[in-house]
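Enquirer: As a plain string of letters, each chain reads:
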Amino acid sequence: MFNIALPKGRLAEKVCSLLAKIGFDTSGINDDNRKLVFVDEKNGVSYFLVKPSDVAIYVEYGAADVGVVGKDILLEYKPDVYELLDLNIGKCRVAVAAKNDFRENKERPLRVATKFVNIAEEYYSSLNREIEIIRLNGSIELAPILNMSDVIVDLVETGTTLKENNMSVIAEIVPISARLIANKSSYKFKTVAIDSLKEKLAEVIA
Amino acid sequence: MDSVLDTLKKEERVALSLRQLYERFGYKKYKMSRFEEYGFYMDNKSFIPGGQIISFTDLDGRLLALKPDVTLSIVKNAKELKGCFDKLYYIENVYKPAKGAHKFKEISQLGLEALGPVDGYTTLEVVTLALRSLQSVEDDFVLDLSHIGIVTGLLESSELPANADKEQILQCIVSKNVHDLGRQLKACNAGEGIAAKLEKLITINGSLGSALPEICSIISGGAMEEAYEELSDIYKAIKGGEYENRVRVDFSIINDINYYCGIIFHGYVSRVPRMLLSGGRYDKLLQKFGKGVGAIGFALILDEIAAYYPEDKDLDADVLILYEKDADCKGLLEAVTRLAENGLKVRTETSLPQGLSYGRIVRYVKGKLEETDV
Chain B
1 MFNIALPKGR LAEKVCSLLA KIGFDTSGIN DDNRKLVFVD EKNGVSYFLV KPSDVAIYVE
61 YGAADVGVVG KDILLEYKPD VYELLDLNIG KCRVAVAAKN DFRENKERPL RVATKFVNIA
121 EEYYSSLNRE IEIIRLNGSI ELAPILNMSD VIVDLVETGT TLKENNMSVI AEIVPISARL
181 IANKSSYKFK TVAIDSLKEK LAEVIA
Chain D
1 MDSVLDTLKK EERVALSLRQ LYERFGYKKY KMSRFEEYGF YMDNKSFIPG GQIISFTDLD
61 GRLLALKPDV TLSIVKNAKE LKGCFDKLYY IENVYKPAKG AHKFKEISQL GLEALGPVDG
121 YTTLEVVTLA LRSLQSVEDD FVLDLSHIGI VTGLLESSEL PANADKEQIL QCIVSKNVHD
181 LGRQLKACNA GEGIAAKLEK LITINGSLGS ALPEICSIIS GGAMEEAYEE LSDIYKAIKG
241 GEYENRVRVD FSIINDINYY CGIIFHGYVS RVPRMLLSGG RYDKLLQKFG KGVGAIGFAL
301 ILDEIAAYYP EDKDLDADVL ILYEKDADCK GLLEAVTRLA ENGLKVRTET SLPQGLSYGR
361 IVRYVKGKLE ETDV
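So the protein lines, in turn, are chains B and D.
Using my numbering, the letters of the first sequence map in sequence onto residues 1 to 206.
Using my numbering, the letters of the second sequence map in sequence onto residues 1 to 374.
One thing to keep in mind: the hints can contain errors.
To be verified - Computed list of lysine-lysine pairs in DSS-like fashion (alpha-carbon distance at most 27 Å, straight line): (1) D:Lys105 with D:Lys79; (2) D:Lys99 with D:Lys28; (3) D:Lys28 with B:Lys8; (4) B:Lys200 with D:Lys166; (5) B:Lys115 with D:Lys288; (6) D:Lys186 with B:Lys91; (7) D:Lys76 with D:Lys96; (8) D:Lys284 with D:Lys96; (9) B:Lys198 with D:Lys103; (10) B:Lys190 with D:Lys197; (11) D:Lys291 with B:Lys190; (12) D:Lys28 with D:Lys76; (13) D:Lys9 with B:Lys78; (14) D:Lys10 with D:Lys76; (15) D:Lys9 with D:Lys29; (16) D:Lys45 with D:Lys291; (17) B:Lys190 with D:Lys87; (18) D:Lys186 with D:Lys105; (19) B:Lys78 with D:Lys291; (20) D:Lys9 with D:Lys45; (21) D:Lys236 with D:Lys288; (22) B:Lys198 with D:Lys200; (23) B:Lys198 with D:Lys197; (24) B:Lys78 with B:Lys99; (25) D:Lys103 with B:Lys200; (26) D:Lys87 with B:Lys51; (27) D:Lys31 with B:Lys78; (28) D:Lys99 with B:Lys115; (29) B:Lys200 with D:Lys87; (30) B:Lys198 with B:Lys163; (31) D:Lys10 with B:Lys78; (32) D:Lys166 with B:Lys190.
In case anyone wonders, no lab produced these hints; they're calculated from the structure.
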């Protein structure tokens with residue numbers, strides 16, 4: 001028996017359809033109900049639905065043997081896990097965005113609103129640019145509109161939200177997609193099961 | 001004696017049995033001072049991940065630190081025994097930042113170090129003691145072996161373009177990330193040959209015996225050949241024995257390459273989701289201290305055992321004795337002693353404590369124990 005941590009929300013559906021393609025029963029997983037654990041007896045798998053940013057924590061602490069998580073979370077929190085496969089789904093990018101009429105004043109630190117504090121700090125430190133981080137948890141686009149920040153660092157998928165708010169991407173930091181991760185100890189003791197899952201997934205995404 | 005051991009916690013039993021094991025192999029217990037000069041750690045900051053240390057000013061004005069690491073202190077104090085070994089083991093607490101929390105944590109470690117002219121036998125002895133240490137925790141265990149010579153051999157290979165981001169490549173190796181490694185190598189226009197070798201390095205994963213032919217297929221250059229020979233020698237010694245399938249190869253283990261050289265290893269047991277044992281050969285650290293000898297050792301994190309092997313405590317006590325405040329103390333003590341000598345856990349109270357569980361509850365009345373239905 002092994003446990004898989006899946007991210008609630010948009011990505012869950014895509015991951016479930018991938019798992020279904022390799023013969024896993026994901027029919028019980030439905031975002032609409034409040035159940036958190038689903039068991040696929042035939043394949044000996046339990047699924048947990050958790051907040052996307054918590055998937056890596058469940059895997060790192062061994063509550064789940066494997067998980068599916070966005071590369072953004074791996075870059076931000078640097079969990080001590082194996083990153084086994086790029087699932088090529090949930091594709092987007094972490095980018096810097098600003099209001100369309102934004103002009104950078106290089107005489108003072110740049111005010112950056114983001115939930116990706118580490119990614120933003122690493123990016124601007126590589127440019128040798130001094131910044132002031134404003135940590136937010138949601139609706140990041142609001143910060144420049146209210147003049148609370150100069151720019152935002154956030155996930156951008158289609159850019160529609162930015163467009164609707166008269167904003168645009170001014171720099172791309174890193175492309176993002178969902179990754180299959182594994183707990184280091186679980187991988188030692190459930191190598192065959194985890195490798196087989198990885199190989200089957202690799203086949204269906206190829 | 002068994003009943004005495006039964007009262008110990010799992011990590012205490014492990015520590016006791018390993019002390020005996022290490023003593024029998026000629027290792028001496030090493031007790032170190034609780035504090036070290038702060039400057040000593042500052043001079044060797046790169047050996048301490050994160051570099052964060054608890055410091056304080058002693059009464060004489062010296063700046064001291066609570067030790068964040070044991071190996072450094074052992075190396076500093078090691079005597080140079082011309083051609084002979086200083087073989088030591090320790091059980092010590094170290095102080096490091098806790099992951100994900102802005103505070104320090106006390107970590108209990110048990111470790112072993114062999115300082116001297118490390119040869120094939122010493123390496124095998126230390127690897128075997130590491131295996132036996134893991135076995136003392138649980139029967140389901142593995143020891144992952146890597147060799148710095150193989151990993152740096154490929155990274156320093158002339159086939160890898162000079163503009164390759166070695167730091168990023170190393171990160172991909174550590175997280176077994178073949179997909180991002182491919183992107184990194186493509187970005188620096190690395191040739192297919194080196195790309196295939198690095199990918200192989202990441203994916204080699206199996207018992208030492210089954211991995212050796214695969215390692216053989218990626219070696220190029222003298223340093224890698226020597227490393228391969230060292231791994232082969234270990235395999236020859238464990239082949240056919242009880243540890244043959246317990247020793248695996250995993251090149252994602254990268255300890256600090258500024259200090260380590262030769263073989264490095266990480267140990268896991270199935271119940272603990274994190275690495276439990278870590279070690280390797282660290283001649284470079286000794287050379288930094290001008291002690292021209294070799295060294296190999298490992299440390300086992302006792303706290304991890306404490307966290308993942310909770311004691312089965314269905315009952316807080318087998319018998320709870322309730323007594324009146326004016327009870328005959330001598331008689332009560334005799335009654336408690338009799339039960340305790342029969343191997344029962346006994347607790348005495350004047351009123352029923354809340355939130356605890358007992359096998360039986362009795363009252364001590366007029367010199368006798370009487371059953372009660374409280």
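Enquirer: For D:Lys186 and B:Lys91, compute the direct alpha-carbon distance and say whether it is at most 27 Å.
Expert: Roughly 20 Å between the alpha carbons, so the hint for D:Lys186 and B:Lys91 holds.
Enquirer: Against the 27 Å threshold, does the CA-CA distance of D:Lys45 and D:Lys291 hold or violate the hint?
Expert: Between D:Lys45 and D:Lys291 the Cα gap is close to 19 Å, so the pair holds against 27 Å.
Enquirer: For D:Lys87 and B:Lys51, compute the direct alpha-carbon distance and say whether it is at most 27 Å.
Expert: Violated, because 49 Å separates the two Cα atoms, which is more than 27 Å.
Enquirer: Next pair to validate is D:Lys103 with B:Lys200; report whether the Cα-Cα distance is within 27 Å.
Expert: With a Cα-Cα distance of about 42 Å, the restraint between D:Lys103 and B:Lys200 is violated, given a limit of 27 Å.
Enquirer: Are the Cα positions of B:Lys190 and D:Lys197 separated by 27 Å at most?
Expert: holds (25 Å)
Enquirer: Holds or violated: are the alpha carbons of D:Lys166 and B:Lys190 at most 27 Å from each other?
Expert: With a Cα-Cα distance of about 30 Å, the restraint between D:Lys166 and B:Lys190 is violated, given a limit of 27 Å.
Enquirer: Straight-line Cα separation of D:Lys76 and D:Lys96 no greater than 27 Å?
Expert: holds (20 Å)
Enquirer: Going straight from one Cα to the other, do D:Lys236 and D:Lys288 come out at no more than 27 Å?
Expert: violated (33 Å)
Enquirer: Keeping to a limit of 27 Å between CA atoms, is the pair of D:Lys10 and B:Lys78 held or broken?
Expert: violated (31 Å)
Enquirer: Would the hint linking B:Lys198 and D:Lys197 be met if the CA-CA limit is 27 Å?
Expert: Holds, at roughly 21 Å.
Enquirer: Decide if the proposed pair is consistent with the structure: D:Lys99 and B:Lys115, CA atoms, cutoff 27 Å inclusive.
Expert: Given pair D:Lys99, B:Lys115 holds - Cα atoms ~19 Å apart, limit 27 Å.
Enquirer: Can you confirm whether the C-alpha distance between B:Lys200 and D:Lys87 stays at or below 27 Å?
Expert: violated (49 Å)
Hints 1, 2, 3, 4, 5, 9, 11, 13, 14, 17, 18, 19, 20, 21, 24, 25, 26, 27, 29, 30, 31, 32 from the earlier list are contradicted by this structure; the remaining hints agree with it.
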